[in-house]
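A.B. asks: Chains as they are written, first to last, in full-length UniProt numbering: chain W, 1 to 691; chain F, 1 to 691.
Everything labelled a hint here was simulated from the structure, so no lab data went into it.
Fair warning: there could be bad hints in the mix.
For identical chains, the list gives no copy identity; a pair is met inside one copy or between any two copies.
Dumping the calculated DSS-like pairs for lysine-lysine here, alpha-carbon to alpha-carbon at most 30 Å [to be verified]:
no. : residue 1 : residue 2
1   : LYS664    : LYS690
2   : LYS625    : LYS535
3   : LYS535    : LYS343
4   : LYS171    : LYS229
All values derive from a computational prediction rather than experimental measurement.
Number of protein chains: 2
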Amino acid sequence: MPDFTDRLKPAHDGTATLQAEHDGSAINVAELARHLLGRDGFLERQQKVLNVLSKEALFKKDQQLNLSRPERYQLGLARSKAIQRIIRRESWNHEDYSMAEYLNDEMSPYFLHMSMFVTTVREQASKEQQAYWMPKILNYDIIGCYAQTELGHGSNVRGLETTATWDPLKKEFEIHSPHLTASKWWNGSMGRTATHAIVVAQLLLPKANNPTELTNHGPQTFILQIRDKETHRSLPGIAVGDIGPKYGYASMDNGYMVFDHFRIPESAMLSRYAEVSDKTGAFVRTGHPAVVYGSLTFVRGQIIMHARLVLARAVTVAVRYTSIRRQFKDRDASNSAAAVEMKVLDYPTVQIRILPLLATTFALHYTGEYMYELYRKSRQTIETGDFGPLAQLHSASSGLKSLCTMLAADGIETCRRAMGGHGFGGGSGLVGLNSDYLSKPTVEGDNWMITQQVAAYLIKKMTDAVNDPNAPPKDPTDELFQFYLKNRSHRIPQTVVQDGTINDPSIVEIFQWRAADLSHRAYQARVVERKGWTKMMITLHNLSRAYSEFILVTNFYNSFSTSSSPLSTPTPAVLRTCFRLYALYTLDQNAAAFTMTNSIAPESVYTLQDTILDLMTELRPHAVKLVDAWSIPDWLLHSALGRSDGKVYEELFDMAHRRNPLNKVTFNPDWRSEEIVLGSGDGGRQVLAKL
Amino acid sequence: MPDFTDRLKPAHDGTATLQAEHDGSAINVAELARHLLGRDGFLERQQKVLNVLSKEALFKKDQQLNLSRPERYQLGLARSKAIQRIIRRESWNHEDYSMAEYLNDEMSPYFLHMSMFVTTVREQASKEQQAYWMPKILNYDIIGCYAQTELGHGSNVRGLETTATWDPLKKEFEIHSPHLTASKWWNGSMGRTATHAIVVAQLLLPKANNPTELTNHGPQTFILQIRDKETHRSLPGIAVGDIGPKYGYASMDNGYMVFDHFRIPESAMLSRYAEVSDKTGAFVRTGHPAVVYGSLTFVRGQIIMHARLVLARAVTVAVRYTSIRRQFKDRDASNSAAAVEMKVLDYPTVQIRILPLLATTFALHYTGEYMYELYRKSRQTIETGDFGPLAQLHSASSGLKSLCTMLAADGIETCRRAMGGHGFGGGSGLVGLNSDYLSKPTVEGDNWMITQQVAAYLIKKMTDAVNDPNAPPKDPTDELFQFYLKNRSHRIPQTVVQDGTINDPSIVEIFQWRAADLSHRAYQARVVERKGWTKMMITLHNLSRAYSEFILVTNFYNSFSTSSSPLSTPTPAVLRTCFRLYALYTLDQNAAAFTMTNSIAPESVYTLQDTILDLMTELRPHAVKLVDAWSIPDWLLHSALGRSDGKVYEELFDMAHRRNPLNKVTFNPDWRSEEIVLGSGDGGRQVLAKL
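All chains should be modelled from the sequences, with the hints used to inform the complete structure.
C.D. replies: Pasting the structure below:
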């Protein structure tokens, strides 16, 4: 309905403001976008899938924040099913499908089916089992989930309580939940969607000499049907359902499942690497169990590679909005009355929150690419039967998963707060991103817990280096530790001269030295002084972080130091500014660890804040173009504040005035009446019925 | 419906676990609770109001997370109205009402009526205006809101665009929104509830010598009706509505409002301190405008005092849950097979996230009490017409608002993550707390912006101290700055000996010295070197934080150093451990600023981590009893993880298996069908209709 507000425009034109930002930087956005996202046709695929999805009414994101959690699950299921139909209609491949999931941007109730469920069958099922299950899976004739985590047991898989007891007479397993804490819990797609599940349970076999006694052979995987094909109700002996609303993941039916002596056939145990001999009832291992860490490492690698695009989304919104938003005049302006309000991105207090994160997106990028390469190479080696690279891969992926998800999760919230009031509004586009992404510091290995794995690896490496300082180094870590041991007695900390000058190799060396020195301290404490592991945990966490930051800094540095840049001026220089900003900001945030380890002299740290200010001033004119290069489509951003056309205020107003369903209802604000909707006369019964 | 899951119990009994925690500490919880919350009958009032509210069906919190945002507003309005009826039924006073709001724990659509609306009328309306409006307000015959912030204008009140132009012929004001960015925005209670509004607008008066030219007399306040009494529709010339879903505040109708040459009578301008002469059309100021900062300071003071209870809630949940949750056996256990899994609160990596925050709740407490006293005393002085204390009060409240809301907001999220997977679930009780509280770093003065006010105050104080180092000190800050100036030339940094020994006065002195030295650096840069204000902003922010941390540390220290404790053993010693943990943890987190200012020697900082570990070991046995002392009722916590009876897993399972509405519906998971609810045959139309 037209009204007088239709005529109104914002005081400053956002489109013109963003255009002026573009005009102020000579960066070639298309070229940089291709540099960042050119691999595997990402940009073309994004456009192709976007063209299809954005035209489907079911995928409109507009009212998502107005839906209840049960409605969000229904929507999520409807979309997942629609994507399957679209895939077939459009002849999309698996990468197109992944792109659709990325752009749809919610956890699909089918997600576990095409990730852990199919991966586990592919990796752990025997040839016969695969022949039986894979066609059903790939055709989505069944929908699977992966039931490992329990109500009382997360990270420690050995502590799982669910049992699978072998019945040698009937040749069956009995799956059972002995306690409430044995209930499977959190398992995605299980709550309302899945028809089948992979269940991880302690395998209990009767002893050969005394069949009434059981031996625990540790967690094994079983595949079983959990719901009836016709009624979709749980089978007798199983209680299964959705665990209820969560911080995020509204569209996903994370579930619980309890077993009451539930019987499954012998063929249910996935038997590529382990099986129960149906003749002797003995446990037979037929492969290297370490291979199962392969898929965990792969999942962590994907999380690391995804982190850059997540952080880029938040930074895109923040950079665009704070370029348009104006607040306060310069306190020192010579003609205060004539001055216009400043763009908030021109305030150092806004820059210091957003620009280091902008730099971080590129730091995450180059390490994401490094992980991709590392995984690809390691996989080749592992395929030849050599499991050597697995330790390094597992360690790097653990430390980086912890660091990168922390940077991205905290970065979203930092961007949100830097946008002030509107950052708290639904127009930020960060409400769902924040709620969903905050799962990432916890899933696939808690960010604090998994850092122990990195530290254990580094202590072992340092022990090797101490024991044989001249052994041929197997990898860069060996090289670093040997270098450290040769030089630690006469180390002179790096210094920064007064004007902030420090060259790039010195920056890398500072991060290397801290990682090596903290590794040596951990080695000293654990191996030499035999300090308790638990007592050392905080130190070990800090070590993992230092080591992972060293990886980020090194990969970023290598991106421009080892070959001449394919990018045109001024992009290479701007990326180098990003490198320095990321590294020096990180250094400044953790200064004590650097000075304690003699990596840098304390007086040098104190000058960093001015250097950081200068780097931000250098970066500022390029900020808008740099986020453009990340090529996040407006449809995915779904952010009034972050729109690429700068129409921030028009969109916020339109969302409120024309598209908010609450404004279609008139209420009765008088406390004397129990009526809520004016004129409904229902005495508030509708509200009560929902409670 | 009974089923086999009814028989199941968790592997470890949570109730017994918490009982064992209680048995392990000699703290007298009731005594400590009274020490913390005894003032003004808080504990008795909490119990009284709880007894009433918790019995009302409308206040059941159980299904809140399953409601859509429009439903949450309806529920919020229903509850607000019900509270008004209950108040009258139970003869509650204003403190009882505030307690009901606290326990109900959601932003009420009436909230602005009883806060900014009534406060502004009370403080800025003339006697005649008060006589007309106050009875209607107190009786809730009208519902008011406070319309200051605009779509394009937040912190900078002088930049507001809405105009109030005086028409000398008709003796009316014309309220108008010249641009879209002039739309009032964010204003609570305005979207669907309010009948009236205080509107802040630029007062434009025709010039006496040239009536076609207008002079801007800056922002003034007007009271006006915005909706029709019968239809509750907006009046002609006003477009008003709810701005839509936000990060939190689901129950609150934050609104927008646009004016199209809307006319209001002369009497609408609140005229206690300023009015338009209806004879000459001239602007007449009749009072000290600084008094308006009084209510802002009061609101900030309340936020500071509230922060302890917010953080205490998150810490209560985290401490109880991590005392019950077990994960992994001790890696160094001598008999690994026999060992039970450790309580996760016994891991230093969990302690370092939760226990410093537990200590922080007490740090916030003593400074909250200090603010309460400071406000009370200043108010008395101001009532006598002496506005001297306002600067100090305003500065302290700004710096502390920034620091305390940051500590609480970040603390909630730290606690949530420390609880791993279940921290992401709806059973944490922190989902709503987090979403709602994240507004606090932004509202009532953005946390980064307002720190400039603190810094400006400190620079002025330091300038005074430098100019006249022997003037009689007016307050402790003067004393500190004079002490600093006398001693800075021969300062010897504090040191910590190897075993971590450092006495409490030395800790306070370290925080004092840093604050003084950073103040002097800011003075040097701004006053002596005439550095640009904008360039200095990050430094100024850090200064404000350092000064506010010094206030927290000092007040905490004074709580036990200046008089003998009224608390029985071992509580005073445990609180002293909290003091040391809070202070040394804070020191360790910002070590570089302390060493740079010569407050403490760098080598001493490096030993702090071991000291902190020891302090946490001291504190650990008392953690559960310390959170109990905060006396957060289970009904308010609404947390499966934080239940005082320790039945964590029973409650989580009950929520999922017996009370989750999603589990009452069976879905059709087959992608070939567009049907979502199995057997409904609606082809997915219901879902589409919501989009």
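A.B. asks: Now tell me if each hint is right for this structure.
C.D. replies: Here is what the structure says about each hint:
1. For the identical chains of this complex, LYS664 and LYS690 are neighbours both inside a copy (20 Å) and across copies (14 Å), given an alpha-carbon limit of 30 Å.
2. In this assembly of identical chains, LYS625 and LYS535 lie within 30 Å of each other by CA distance solely across copies; the values are 24 Å between and 47 Å within a copy.
3. For the identical chains of this complex, LYS535 and LYS343 are inter-copy neighbours only, at 14 Å across copies versus 49 Å inside a copy, given an alpha-carbon limit of 30 Å.
4. Within a single copy, LYS171 and LYS229 get their C-alpha atoms as close as 25 Å, which meets the 30 Å cut-off; across copies the closest is 77 Å, which misses it.
In this structure, none of the earlier numbered hints is contradicted; all agree with it.
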